[in-house]
Amino acid sequence: MTTTDMPRPVDAGPGRAVSKKQPRRAGSGGLRQAVPATTLLWILACLYGLPVLWFILSSLKPASDLFSYPLTLVPHDITLSGYLTAWRSANFSQYFINTTIVCVITTILTVGVSCCTGYALAKYDNKWLKAFFLCILATTMLPGEVMLAPSFLVVRDLGLYNSFGGIILPAVLTATGCFMFRQFFLTVPDELLEAARIDGARELSIFLRIMVPLSRPIMLTLAILSFQWRWNDYIWPLLMLNDPNKFTVQIGIQSIVGAQNINWSVLLGASVISMIPLIVVFLVFQRYVMNADINAGLKD
Amino acid sequence: MTKRASDVSASPPRRRSKYTLAPLVLIAANVVLFALFFVWPAVIGLIYSFTNYTGVGAFQLVGLDNYSNLFGDSTFYGALTRTVLYAVLFVPLNFALSLLAANLVVSKHAKGSSVARVIFFIPWLLSPIVVGVLWRWLFGENFGLVNYIFEKLGGSAVPWQSNADLSLLVVVMAAAWMWTGFTMLLFIAAIKNVPVSYYEAASLDGAGPWRQFFSITLPSIAPTSFIVILLNTINAMKEYPVFVALNNGGPGTSNNLLVQYIYETGFKRGQIGYASAASFVLMLILMAVAIIQLIVNRRVENR
Chain A
0 MTTTDMPRPV
10 DAGPGRAVSK
20 KQPRRAGSGG
30 LRQAVPATTL
40 LWILACLYGL
50 PVLWFILSSL
60 KPASDLFSYP
70 LTLVPHDITL
80 SGYLTAWRSA
90 NFSQYFINTT
100 IVCVITTILT
110 VGVSCCTGYA
120 LAKYDNKWLK
130 AFFLCILATT
140 MLPGEVMLAP
150 SFLVVRDLGL
160 YNSFGGIILP
170 AVLTATGCFM
180 FRQFFLTVPD
190 ELLEAARIDG
200 ARELSIFLRI
210 MVPLSRPIML
220 TLAILSFQWR
230 WNDYIWPLLM
240 LNDPNKFTVQ
250 IGIQSIVGAQ
260 NINWSVLLGA
270 SVISMIPLIV
280 VFLVFQRYVM
290 NADINAGLKD
Chain B
0 MTKRASDVSA
10 SPPRRRSKYT
20 LAPLVLIAAN
30 VVLFALFFVW
40 PAVIGLIYSF
50 TNYTGVGAFQ
60 LVGLDNYSNL
70 FGDSTFYGAL
80 TRTVLYAVLF
90 VPLNFALSLL
100 AANLVVSKHA
110 KGSSVARVIF
120 FIPWLLSPIV
130 VGVLWRWLFG
140 ENFGLVNYIF
150 EKLGGSAVPW
160 QSNADLSLLV
170 VVMAAAWMWT
180 GFTMLLFIAA
190 IKNVPVSYYE
200 AASLDGAGPW
210 RQFFSITLPS
220 IAPTSFIVIL
230 LNTINAMKEY
240 PVFVALNNGG
250 PGTSNNLLVQ
260 YIYETGFKRG
270 QIGYASAASF
280 VLMLILMAVA
290 IIQLIVNRRV
300 ENR
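Chains as they are written, first to last, in numbering that gives the first Met the number 0: chain A, 0 to 299; chain B, 0 to 302.
Hints are not guaranteed to be accurate.
Unchecked claim - In silico lysine-lysine, DSSO-like type, Cα no more than 27 Å apart, as pairs:
1. 107/B <-> 191/B
2. 126/A <-> 110/B
3. 129/A <-> 17/B
4. 191/B <-> 110/B
The set of hints was computed from the structure by calculation and includes no laboratory data.
In isolation and in its complexed conformation, chain A is listed as follows (with noise of 0.2 Å):
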């Protein structure tokens, strides 16, 4: 579903050009500008960071800890004890594998897919290119939230219910990627393209050889998100799994949250074992996911 792809193509108003660094504002007054400002930025900050350093520091305590008073912020004893049990039980490392499986293949694809569509939809002028770019504003309109049912259906109808693929191949069509990748390949010169012709070269080669390397920014950034979006995604891979051996680890925490008694420091351990991808993933990737690059998609 296109849905939970919440970047929606958005128009940012005036002057996006991408990555330019202006100089900081000028403004008067050194220091006494600079300690309320830097003040306020860490108080709310620390706002910010709290809940998730309270939630790890949490899980890293004995289960016996977790609710006795007073509540201490750093705990006595270390423990990996919630992790281990969560890893243990109740498939978790299974909803892992499952849960990684799922991320990677739609992600290639999403990524492969939306490369091809937003290259055309750059580069070749048609009357079908303009109706089908017309059908992609469409799933914008429309997210999947709202077709629940009838998406549960046509998927069961064409024989995905309870399989992997059932959650893939819905998702694999995003807005947001292909206009990522138009956007991108507006900014490349046709002339590049008319001098691959007059060489000779066909143009699927022209893509595959000559546009597809040039847009390796745009694929790790949309690789990027698809993968945030795939390993968050709740309400359809639940809907679309029955089978707690192909469920992934969203399904996994929210069945410890459901149980009649939650037992916290499962909850926990699980919690954080699921952010882990996706912390280590964006450290890494950091520059691609803060630079003007993600803007320029996301609003197009």
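With chain A fixed as given, assemble chain B onto it according to the hints.
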């Protein structure tokens, strides 16, 4: 995209239209996916909304019965008003927090802004389910850190989970916390595009930081602000996973929102026809929001 698309189609002569096979091959996969997972469900969803289909077996056309029943269904109304209330609380809170964060991060006076930016962004990486679990842990009535601090400060424990309004408020805060990072990125991009000379001129005229913010920054980023508001409204209208993990729409069913209502009706009670009708009501609401977005956006651009 309107601007750039028109730039491009206006510039070179239309010689490219002689290529038809290559582009069709390139978009083929997405055309198939679009037909299978968008057109087909949308069409049968519309059809089912006029039937009493249960997901299996035969069904009958019931005309507009599903729709008229919906408007007499107090559970549906409850879900609808709760969803609207959630959006009305979430959107301004997220807007204010993200704008504040973006301004502080961009400010040359604030030290350590690159680290702070990452801190603001991390919640957006967490899955809605994990965010729900995390805030449930934070706001537990008997064991949560927040109530613990309240008690330490001499207050009394607050019923975050058993009071329906407070429990909605916790979800609002959790969602605003989660979405700040992303919205902040949009604001940062917009703020960086405001010409520096405006601020220089204003500070020569003696305008202080507040005056500069309200007279220059806020009007200059108006297009982004509209987008943020409408984007967040649409997202709020279809929120579900945070609720499930945080309080499962509770206490009781008092905070069941629209998507949860659709899910329960369609999949737990097998009323696919009825759930499809509810889906289309949600779709009409989202389309209304999107159309307002287009109109307002156009008006702002033409100004």
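Against the structure, the hints come out as follows:
Proximity of residue 107/B to residue 191/B is assessed by CA-CA distance (about 12 Å); at most 27 Å being required, the pair is judged to hold. With a C-alpha separation of about 53 Å, the suggested pairing of residue 126/A with residue 110/B is violated against the 27 Å cut-off. Annotation: proposed proximity of residue 129/A to residue 17/B holds, straight-line Cα distance about 15 Å (limit 27 Å). Proposed proximity of residue 191/B and residue 110/B is supported: the alpha carbons are some 18 Å apart, at most 27 Å.
In summary, the structure is inconsistent with hint 2 from the numbered list given earlier, while agreeing with all the others.
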